[in-house]
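Protein chains in written order, with this note's numbering: chain A, 2 to 170; chain B, 146 to 435; chain C, 1466 to 2249.
If you're looking for bench data, these hints aren't it; they were derived computationally from the structure. Hints may contain errors.
[Stated by the list, open to error] Lysine-lysine pairs mimicking BS3-like chemistry, simulated, CA-CA at most 25 Å apart:
(1) C:1540 to C:1526
(2) C:1526 to A:146
(3) A:146 to B:334
[What the hints assert, rightly or not] Here are some chain B residues the structure puts well away from chain A; computed CB gaps all over 10 Å:
(4) 146
(5) 305
(6) 356
(7) 366
(8) 387
Every residue, glycine too, gets a C-beta built ideally from N, C-alpha and C.
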Amino acid sequence: MTQHVKMTLNGQPIEADIEPRLLLVHFIREVANLTGTHIGCDTTSCGACTVQINGVPSKSCTLFAVQMDGEEIRTVEGMEQNGALHPLQEGFYQEHGLQCGFCTPGMLMTAEAFLREHPAPTDDEIRQAIAGNLCRCTGYVNIVKAIQHAAKHIREEQAAPVATAEVTR
Amino acid sequence: MIPDNFSYLAPASLPEVWDALHEHPDDAKILAGGQSLIPLMKFRLANPAYLIDLRHVPDMDTLAERDGALVLGAMVREAALERSPLIQQRYPGIHDASAVVADPLVRNWATVGGNLAHADPANDHPAMMLALGARVVAQSPRGRRELSIDDFLVDTMETALQPDEVLVEIHVPQPAARSGSAYLKLERKVGDYAIAAVGVQLAFDGEVISHAGIGLTNVGPKAIRAQQAEAFLVGKQPSDETVREAARLAAQAADPTADLRGPVEYKRAIVRTLTARALRLAAQRATALA
Amino acid sequence: MTTETTPIRGMGHSVKRKEDPRFLRGKGRYVDDIKLPGMLYMDIVRSPYAHANITRIDASKALALPGVLAVITGKDLDEAGLAWMPTLMGDKQMVLPVDRVVYQAQEVAAVIATERYIAADAITLIEVEYEPLPPVMDPFKALEADSPLVRPDREQKTNHIWHWEAGDAAQTDAIFQQAEVVVKQDLYIPRIHVSSIETCGCVASFDSVEGKLTVYMTTQAPHAIRTVFSLVTGIAEHKIRIVSPDIGGGFGGKVPVYPGYVIASVASLKTGHPVKWIEDRSENLQADSFARDYHISAELAATKDGAMQALRVKTLADHGAFDAAANPSKFPAGLFSVITGSYTLKAAHVEVDGVYTNKPSGGVAYRCSFRVTEAVHTIERMVDTLAQQLGLDPADVRMKNFIQPEAFPYTSPTGWEYDSGNYPAALRKAMEKIDYAGLRQEQAEKRARGELMGIGISTFTEIVGAGPSHTFDILGIKMFDSCEIRVHPTGSVIARIGVQSQGQGHETTFAQIVAEELGLPVENITVEHGDTDTAPYGLGTYASRSTPTAGAATAVAARKIREKARKIAAHLLEANVDDLEWQDYKFQVKGSPGRSVGMKEIAFAAYTNFPSDVEAGLEAVDYYDPPNLTFPFGAYICVVDIDRGTGQVKIRRFVAVDDCGNIINPMIVDGQIHGGLTMGMAPALMEAITYDENGNMQQGTFMEYLLPTAMETPVWETDKTITPSPHHPFGAKGVGESATVGAPPAIANAVVDALSHLGVTHIDIPITPWKVYAILEAHGVAEL
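My request is simple: use the sequences and hints to build the entire structure.
Following this line, the structure appears as C-alpha cells:
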C-alpha cells in the first residue's frame, strides 16, 4: 500500500514510506513537520500551499508526494540563508506586506521564483505573477510594494554586494 | 479534502503506459499535469484505482516546428507555451490561450495535452485548436493515428481516444505567410473558467480573407466550431460590417446554458463581442506579420 | 538590548510589526500547526439536504474501518444534554441533529480516527437515510401562513423571529406626508461569506487527571467562548482553557461557536485523547455563519432644493435556521439604526424583522461592525438617488446635508451620540485629491462620445467600539475590555489584553500604546493575548472594537502604573509627589529639568528601592468601560469605466480619505484600509452566496465564491484627516472596518452614475457584468 519516496527538502534529504494518495502539502506539514506551508482551499485556487519544486512555484495541495521522488522541494523555511532573511522577507517586513500571515509563505515562494526571471518587474507584472495567490487581508497594494522593494534590493546587491539586514524583534 | 486510495504508477516509456492501461482497463487514469484531475480526486468525484503518471515518459514535451507543423508534446506545460518566443511570435492565439488558463501557478503544471484530453468545454485550448485546425496524435500498441481536433472532441469530458490510446502530440499547421490568430476570454476573475471565450485564426490572400477558423469556449457541451461564421468570412475583407456579421453568426453557433457565469443571452452576446474583437486583433496581427 | 537613548516610538510611529519575523519564516503557529501526543482527527458527515428528517444513521461500516475509534451522532450528544447549545443571540442551535437537518451541509455525525485520511475515508462509510422536507428558502415566503416551519422546536409556530425598530414612527410619517420630494428604493444586500484564508478548526484536549479541557481554537473571542463552553458542558470555568493561537484572518467569521468545536471537545472527553478538527474550504463556505442578507425598502423625504428631512426603512433579515448572529444582546439588528449616516435629518424610523430559513446561520459580520455596512449602503445610495431625482450633484447634496463640525457631539434621530467629526473637510480632501471637477468634465466629454464612465461618492459614518456597559452586552457579559501590564525590574514589560489579533498587529500597536504612556522603548514591550489562563477577561476582537476598548484599557492601566511610578520617582528624587511632572517620557521636578528619572530606573526601584508606604512591584490592570462608542468616518470617491461590449466594470481610481481619530501606527492603519477596501469591492462586484429552490448552496468552493486576486484589485489611494475622539483616552476611534463599510456604495454609486443618463437609478450588488450588460442592451448602448 505504501511507497518509498526520497526527495530533498530545503537542501536536506528526506525519505519516507507513504500512501500514494498523500498530498505533497500533507507530506511537508505532517511528515516533515514544516508547518509554514498552509492549506486554504481544496480547489487549487488560493496558493497558500505554494512551494517550489526544482525552483518552480507549485501548489502543493494539487500534487501527490509520491510524484516528488527525486525532486528538490523548497518551502518558506528554506528562504533564510545563514541567519539572514531573503530580500523578499525583508521587503514584506518593511512594506507591511502581510497581516494575518497565512498567505505569506505561498506569496514568498511565488515571488521568489518570479523575481529570478523578472529582476526589474513592473507593478502590473507583479500583479499577474501573484494572481494565483489569494490574500484576504492586505488588498495586495503593499505586497506589490514589498516585491518591488526586494527586486530593488536584489538588483543593488548584484551590482554591489552588501549585507542583508536582519529582521529582529 | 482527501482523495481515496490508489496505486501510483510512473512508467518510463510509452509501452509501459500501454501495459498499465492494458492491465487495468477499467480503473486507471492517466495523470498529466493533474491540475484538473487531482481536485476531482480530492472531492472523490474521480476515484481511479491506478494513476499512471506520464511525467517520466521521454519525449512528451516537444515544442518545435517540424514538417510544416508546430509539434506540441502532450506534456508541454502551459507555462512553457506562455514563455516560448516561437509560440508568441508565430502562434499568438496559442500564447493568448495559455496565458489565461487558470492562474500562473497552475500553469506551471497544467499541460496542453491534459487540457485537450480532459475535454472540458470550459478549457481554453480546445476552441483555439479548432480555430487553428490542429490535429491530434494518439498512440497505442496498435500503432499511431492522427485525427482532426474536430473528431477528437466528442462531447463533454469525452474524446475519441480509445481505452488503449495515449494522446502524445498535437500538430498545428504552420501559419500561412499572411495570417494571424487570437484568443480572447472573458472571466469573472483571474483563474476562473470562461464566461465565454473565442479563438480565431485568419489567413489572407492580399486584402481578402482566404481562410478563417473560429472556436468557442464554454458555450456548449464541447468546444464549438463556428462554421457559418468561418464560411461567411472567406473571400471578404475584414470590414467593420463583415466582422460584425461574422460575430453575429458565431453567437448563433453558441449553445450556452445559464449558470453562475450568466444567463444564456448574455453569453451569446459575449461570444459576439469577443468574436468581433478577436477577428480585429487577428487581422491586425496578420498585417503586422506581413 | 536597548540603551537609554533607544527611541520610545509610541503613538504615531510606523513601527514595523513584531509579529512579522515569525510569519515571514513560516514559524507562525496556527491551529492546524498544533500537534499533540496521541492526537486523533475528526471529520464530519454533512447533510446533502437543506431540510429533511433523519430516519436512520448506520455507522457500523465506519466503525469497522481500522483506525476509527468513535462515531458521534446527535443521539449520543442528546443523552449528555449536548445536542443543542445556546447562541450568542439568545436562540439555541443544534450541535448535532437528533432527527432533523435544517440546512445543507449541516453537521450530521462525526468520526474520530487515528489519522486525518482515515477519518476522511470513514465519513464516506456512514449511511444516513433522509426523508426530504420542503425547504424554506425565500424569507418573504417564509412569513406566509402556509410556509413550512424551519424551527418546530420553538413555542412560536412561525418563521418570524423578532421585530425590532428604532426612531420615531409618528414624527417620521408626519414629515413624509408633508414632504416636497420622496425618493424610494428597494435594495438587497446579498449573503456573503468572510472566507478568511485559514478556515476554522480546533484541537481539543481533555486532561482526565486534572479534569481540565484545553481547546486551541480559531476564535476572535476566547474568553466569551470559555464562558459559553462552561455553560454548555457544565465544566467549571477554571477547568476550561481556550487558546487562540495565530489566526489566519477572522473578519467576524471566527466569533461564533461552531458545532465542530463542541463535538471535538466531546470527542476528547470521550476518547481521552486530544482531537483535531479542521474544516475544509467547502465546509467553511457551506456551513459557517454568513453576513448580510438584508432585504431593505428605504424612503427618503426631502425638500425640492435637496435638504434631507426624514428616512423610513423597512427590512427583512434572513437569519437562516438559527439566530446565531454575533450582535450585542439588545441589538438583534446590530447597529443598523446608524442608517441616518453623516446627515442631519429631522426624523427617522427603522424597522427590521428577523426570519428563519433553511440556510446556515446568518448575521455574523463580514468585516463590519454589526450591520453598519447594510446601513451605510442604504443611506449612501439614497443620497445619490435623491441627487439624481433633483438633478443635483451628489457631492453638493452631501455638503448641504452634512452634520457640521460644530454640531458635535450630535444626537442622531435614532438616538446615537456621534462623538466627533468633520465631514466637509474629508469630502473636500477627497475631491481635491481625485480632481472631482476635472472628472465631471471628462465624464461629460466621454458621454458625448458614447463612452461610459462614472464617479461615485460615499461619505460614511462608522459606529465602533462596543461598548458602554449600560447598553452593550453579549449573553449578559458587558462589553468592556481589558489590559494587564507588568513592568519587570529591568524596565521591560509584558502587557496582556482581552482582545485577539487576527492580523491587525496588536502585538505592535498595543506595545506602542504602552511605550507612549510609560516612556519605555517599544522593543522592550511584549504583548500577549489569546490564552484565557493568562489574559484578562475581554470580549474579543471584532466590530473595530480593539483600539476603542482594550486600547483604552491599555492606556488607562499604563496611567495607573505611572501614578504609582510617580510616588517611586518622588522617593528617588527626594521630592514631593506634587512637585513632579511627567514630561518627555520621564518624571521631573517642576522647574528643575535636570532633576528627572525615567521609567526604567523607576521600574528597578519598584523592586529594589521603593518607599515604605508603597507596595513592591509595578503593575496594573484595567477593565475599561467606554463611555460611548466612537464614530470614525470617511469620504471615498471611485471612478469606473464600463466596457460596452461586455458590461465589465473597471475601477480606474479609488481615493479613500479616512478619519479614525488619533493614529497609533500609520503603516498599520493604511494596511487595514487597503484590506477593507478590497473586502468592500468584493461584494460590490463579485462575491455573493445564492441558493437554488431546493436549498443547494451554489458557491461551495473558491471556484464559485469569487475572492478578488491582485488583478481585480485596483491600486488603492489613501489619505486621512484626523478628528480625535473626545472621550477615548488617546483620541483614537478604530479603523479595521471603515473601508469595508464605506467602499461598496462608492462603487455602486459610480456604476449607477455612469448609466444615470439612461435613466438608471439603482443596481443591486454584486454588480456583475451581465447585470450591466442587460441595461446597456435595453437602452441600445451595447457595443455591437
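> Does the no-contact call for residue 356 of chain B survive, Cβ to all of chain A over 10 Å?
Replying inline: holds, 33 Å
>> Checking one constraint from the list: CA of residue 1526 of chain C to CA of residue 146 of chain A, max 25 Å. Satisfied?
In response: Given pair residue 1526 of chain C, residue 146 of chain A is violated - Cα atoms ~54 Å apart, limit 25 Å.
> Is the Cα-Cα distance between residue 1540 of chain C and residue 1526 of chain C 25 Å or less?
Replying inline: holds, 18 Å
>> Beyond 10 Å on every Cβ pair: is that true for residue 146 of chain B relative to chain A?
In response: The assertion about residue 146 of chain B is violated, with a minimum of 4 Å to chain A.
> Non-interface claim for residue 366 of chain B: all C-beta distances to chain A beyond 10 Å?
Replying inline: holds, 23 Å
> Since residue 305 of chain B was said not to touch the interface, does its Cβ keep a gap of more than 10 Å from each Cβ of chain A?
Replying inline: The claim holds: residue 305 of chain B sits with its nearest Cβ about 28 Å from chain A, beyond 10 Å.
> Taking 10 Å as the cut and beta carbons as the points, is residue 387 of chain B off the interface with chain A?
Replying inline: Non-interface label on residue 387 of chain B holds, nearest chain A Cβ at 34 Å vs cutoff 10 Å.
> Can the restraint linking residue 146 of chain A and residue 334 of chain B be considered satisfied, given a maximum Cα separation of 25 Å?
Replying inline: Between residue 146 of chain A and residue 334 of chain B the Cα gap is close to 22 Å, so the pair holds against 25 Å.
Checked against the numbered hints above, the structure violates hints 2 and 4; every other hint is satisfied.
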